[in-house]
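Chemist: With chain E fixed as given, assemble chain Y onto it according to the hints.
Take a look at the letters that make up each chain.
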Amino acid sequence: MTQPASAGPPSRDGASPRRADASRAGGLKASLDAARQELRAAIARGAGGRSTLEHYADRVDALIRQLFTDAGIYDGPLAIVALGGYGRRHLCLHSDIDLLLLFGSGIGPAEERFVHSFLNPLWDLGGVVVGHQVRDIEDFLELERDNPEFLLALLDARPVAGARSVFERFSGLFHQPETHAFILRSLIALIDDRHAQFNGTLYQLEPDVKDAPGALRDLTATRTIALLTDPLLLRRGPADAARFDDAEDFLLRVRSTLHLECGRNQNVLSHELQERTAEILGYPGAEPRQRVEKLMSDYFRHARIVSRSLEWARRTAPVPVGPNLGLSRDGVRFIDPIQAARNASSWLGAFQAALDAGNEVSEEALSCIQQHVDRYRADDFFADANDRAALLRFLTPRPGLYARLSEMHDCGLLGRVFPEFQAISWRVVRDFYHKYTVDEHTLLTIRNLERLITTDAGDRLRFKSILSDLHEPELLVLALLFHDVGKWRDDDHALESERMAEHVLDRLHVSDEQREVVLFLIRHHLRMSMAAFRRDTEDPEIVKQFASLVGTEERLKMLCLMTLVDVEAVSPETLTPWKAELLWRLYVDTYNHLTQRYGDERIERNEAGLNELLANRPDDVTPGEITTFLEGLPQRYLHVFPLEAIYRHIWLARDIKPDEVHLSLERKGAVWSLTVATLDKPFLFSNICGVLSSFGMNILRGHAFTNPNGLVLDAFEFTDDERFLELNRDAHNQLLRLMQDVVSGRADVTARLRGREQSILQARSAQRFAPVVHTDNKASGRYTILDIVAGNALGLLYRISRVISQHGCDVDLVLIATEGEKAIDVFHITKTGAKLTEAEQVALTSDLQRALEGSV
Amino acid sequence: MKLLKSIVRPNKVDEVKDALAKLNIAGMTVTEVRGHGKQKGHTAIYRGKEYNVSLLPKMEIEVVVPDSIADDAIKAIVQAARTGEIGDGRVFVLPVAESYRIRTGEMES
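Read top to bottom, the protein sequences are chains E and Y. Just so we're aligned: the first sequence equals residues 1 to 856 in this note's numbering. Just so we're aligned: the second sequence equals residues 857 to 965 in this note's numbering.
Pulled out of the complex, with its shape left as it was, chain Y reads as follows:
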């Protein structure tokens, strides 16, 4: 199993969700986050005064998928979240050792 942790533009969440749904990936966790990558924020000016917007609002989408469809899922996320501009985000892929269903205590493979 793999944990796919994606940081995407806020307006891309629905598209990523739809793309994952097409791969029958339904469960996911979506979190509002703020941060920066290479983009390192930018300087905005309001009424002549500069202020630094270093942490940009992004969305984090976490899904756990079987190894067999991990590549398709990563591809789907990248395609859905991509605009081609700086600030499109990242997908991190982490191995998942074990997973348990809390309600039943059952281990999932």
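Bound conformation, chain E alone:
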């Protein structure tokens, strides 16, 4: 809860103050008056500088503490905090006393009562202006972006009364790198705006000693920049600390004089006030003009020091880019190297920050790591799940990754984080092909991969597009990093690399699926080059064997890229356009085999995957149930789903009756997985997709399988951009009910969907694609293959499959994929159990083209 600063005393209710209260108030007023009188006297002697103001602030502190005590007992956690100039203890005669009343456990009636009983007497004292903010500590969980001045004042926060623990909790919440970065940006903008009001020059004949360039605000800003970026910054600045302090003391003395002379918060050193100020500050000279000249010459001297220091700080201060990290001209460095040396798990942050900023890690930070890295073991770098997730995120291929990994390697960090990698450090393997040490060859594979992201080279664009398709490209980088670590030995290195990578994956706690992908890539990293360059890839049997090895398009894509960048990293001449062409051709043939011919390869009795399923089956699933369920399904099904998922599918399909729909819904991060089991009927696939789209779900990928007994198993992955499932408790049931109603014909999804399709939210501004519709009767022995590539849109699958059903075709198998704004769907269809005739294909293609073009 937040209460805005009040402009005047809060209203009071209740009985008139008792005599004791009156007496206490009188005492407080007397002590405030005395403090102010003492301050006036000091200013009049020309001594209204820093130590005097600090002394005055201390006396106000005592007063606040007394008021806090007098306000009565408040049981909850609370801190009274001084802000801004008062927080810095530079409290001038007519400056506001800015206070923050910080509650630790919410603000209710009791807290409001306390606020009244604390502030009312303070207001009643008179003679001072009090600015107050009332906040609950929870307010600082989120950054208050619309009030940068308040955030700046909070940087000077100083506890005056109440619980220290509340203040410390606030400090913990407030002092975050993102907050510091935001304040710094805001401060720079505020400085620019303020300077613009003074035409950007400090040489004002009547300067404002608070706001003008080179005046007090600039002085504070300079210190703030150092505080937010590098506390030691000013030590390297153009002015030594003593000169900077002198300037501050001078400016405060002038400001104090102005307050005294004007009787208010007046900060402009006007011509009239210059004479009096010079006199109070004791400048010598027979004539007032001589005294004024000396005063103003001192002013400009000090203001120039402040101004130059500020400009220097702005130029050289590191930009905060993470905890204890700043970005300077020489790269990302540790603000406090001593703290960094003690916290090894924070080091990766420096490399991630450099990657994000498109910069490097500074030599200073690298040598700090190099000096201390031997003190740590591999586990110290993955203290918790966040560290492990950060490492995987770091390995996402992007420009700069190779350079950062090389820095990590050079300073000894990479080998310490991954002792497995250290085994190939400077390792020389003599053969006819390799030109680099094994570690550099490995890192070059990653450089080649990141170069694909930005390449414009014609023959690489096709591989670039594969890379942009990958769902978890960081797994490919992980596999590349360890694919040759087994070369520390001289025998079969792929197996040794796989064995070593297992230890890495154990430490990283990756999921079983991720682990399997990485180990697969390492184990088989030479297989694709072997097949592409040494086998007759025009032989369909070779392609079939290779497709069976990779199993899925995702693995194929990863292995293809791995092969490309691995060959390229052997030497500059190794990857010829000729080899790239062979590799691409094998990729395309295998991709087509996987997506178009898988319907012909059905699960057989002695299938390895089937035996594994039978061997590991849960008690309540019988062997007969497994074989019946799998009968007639393509082998691909076993490649795509892990064992647990298949058992779940069997449970889902158990005892299913016509018109029944069984659903299983689970969430994996931002993506939802839905499995639908039901019995086949016309328009079924179209209706299921329609229901999902009618709830606004964005279908990313999926499979639809139909077995010869008419059991349909559809598995979708989608994002719920409107957060329907998250925000509605009954969402699962609503989805199930509508699915059942639509499948059984009790409800029509078309009308529900029409409204959504016309919604303005569905109007996409992204690049559109001319839809591609292609039919093929040769690829598969059983099915007509229908390839569709189109701009992704809500209800796209519904529209496509509806047209297919309207043509009397059965949708037997479907592969659904999306890549950015592109939807890539492959349908395996038949009509009355046979492939479509030429004429039927033409008619279907033409209607689909029309439907898709209409949707663009």
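These aren't lab readings, by the way, just hints derived from the structure by calculation. Be aware that a few hints might be false.
Unchecked claim - Which residues of chain Y face chain E? A few of them, derived with a C-beta cut under 7 Å, are:
id : residue
1  : 867
2  : 888
3  : 891
4  : 893
5  : 903
6  : 904
Note that this is a predicted model, so its numbers are computed, not measured. Yeah, the Cβ is synthetic: ideal placement off N, Cα and C, and Gly gets one too.
Modeler: Just chain Y now, with coordinates in the frame of chain E:
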């Protein structure tokens, strides 16, 4: 002397090399080439889109052999590189007028 210039499938290079080695023909030049003969490439389809693969990757193997073993060498190449399918390649036979060893300047017969 004859220059035998063979265009073969990429996966057949090792077999051709082995076959020539059996005839004690050791020196050869192997080049990655792209081209087409009667095969004239073919149409590949990726994600529903057709693209023409007109130039196919092949390997070119060049060997210079004495006239006396030229026929055996040609036979060995044909046998090693043959699959029986379209696209197996060609062997061109050219006469070589003279040959010099660069290191010594010596003429070879």
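Chemist: Now tell me if each hint is right for this structure.
Modeler: Status of the hints after comparison with the structure:
1. Interface restraint check for residue 867 of chain Y: the shortest CB-CB distance to chain E comes to about 5 Å, inside 7 Å, so the restraint holds.
2. Annotation: residue 888 of chain Y was flagged as interfacial toward chain E, and the flag holds, the nearest CB pair being 4 Å apart, inside 7 Å.
3. For the restraint placing residue 891 of chain Y at the interface with chain E, the shortest Cβ-Cβ distance is roughly 11 Å, beyond the 7 Å limit, so the hint is violated.
4. This hint is violated: residue 893 of chain Y has a C-beta 14 Å from the nearest C-beta of chain E, more than the 7 Å allowed.
5. Interface restraint check: residue 903 of chain Y against chain E, minimum CB-CB distance 5 Å, threshold 7 Å, status holds.
6. Given hint, residue 904 of chain Y at the interface with chain E, holds; its Cβ is 3 Å from that chain's nearest Cβ, closer than 7 Å.
When held up to the earlier numbered hints, the structure conflicts with 3, 4 and fits the remainder.
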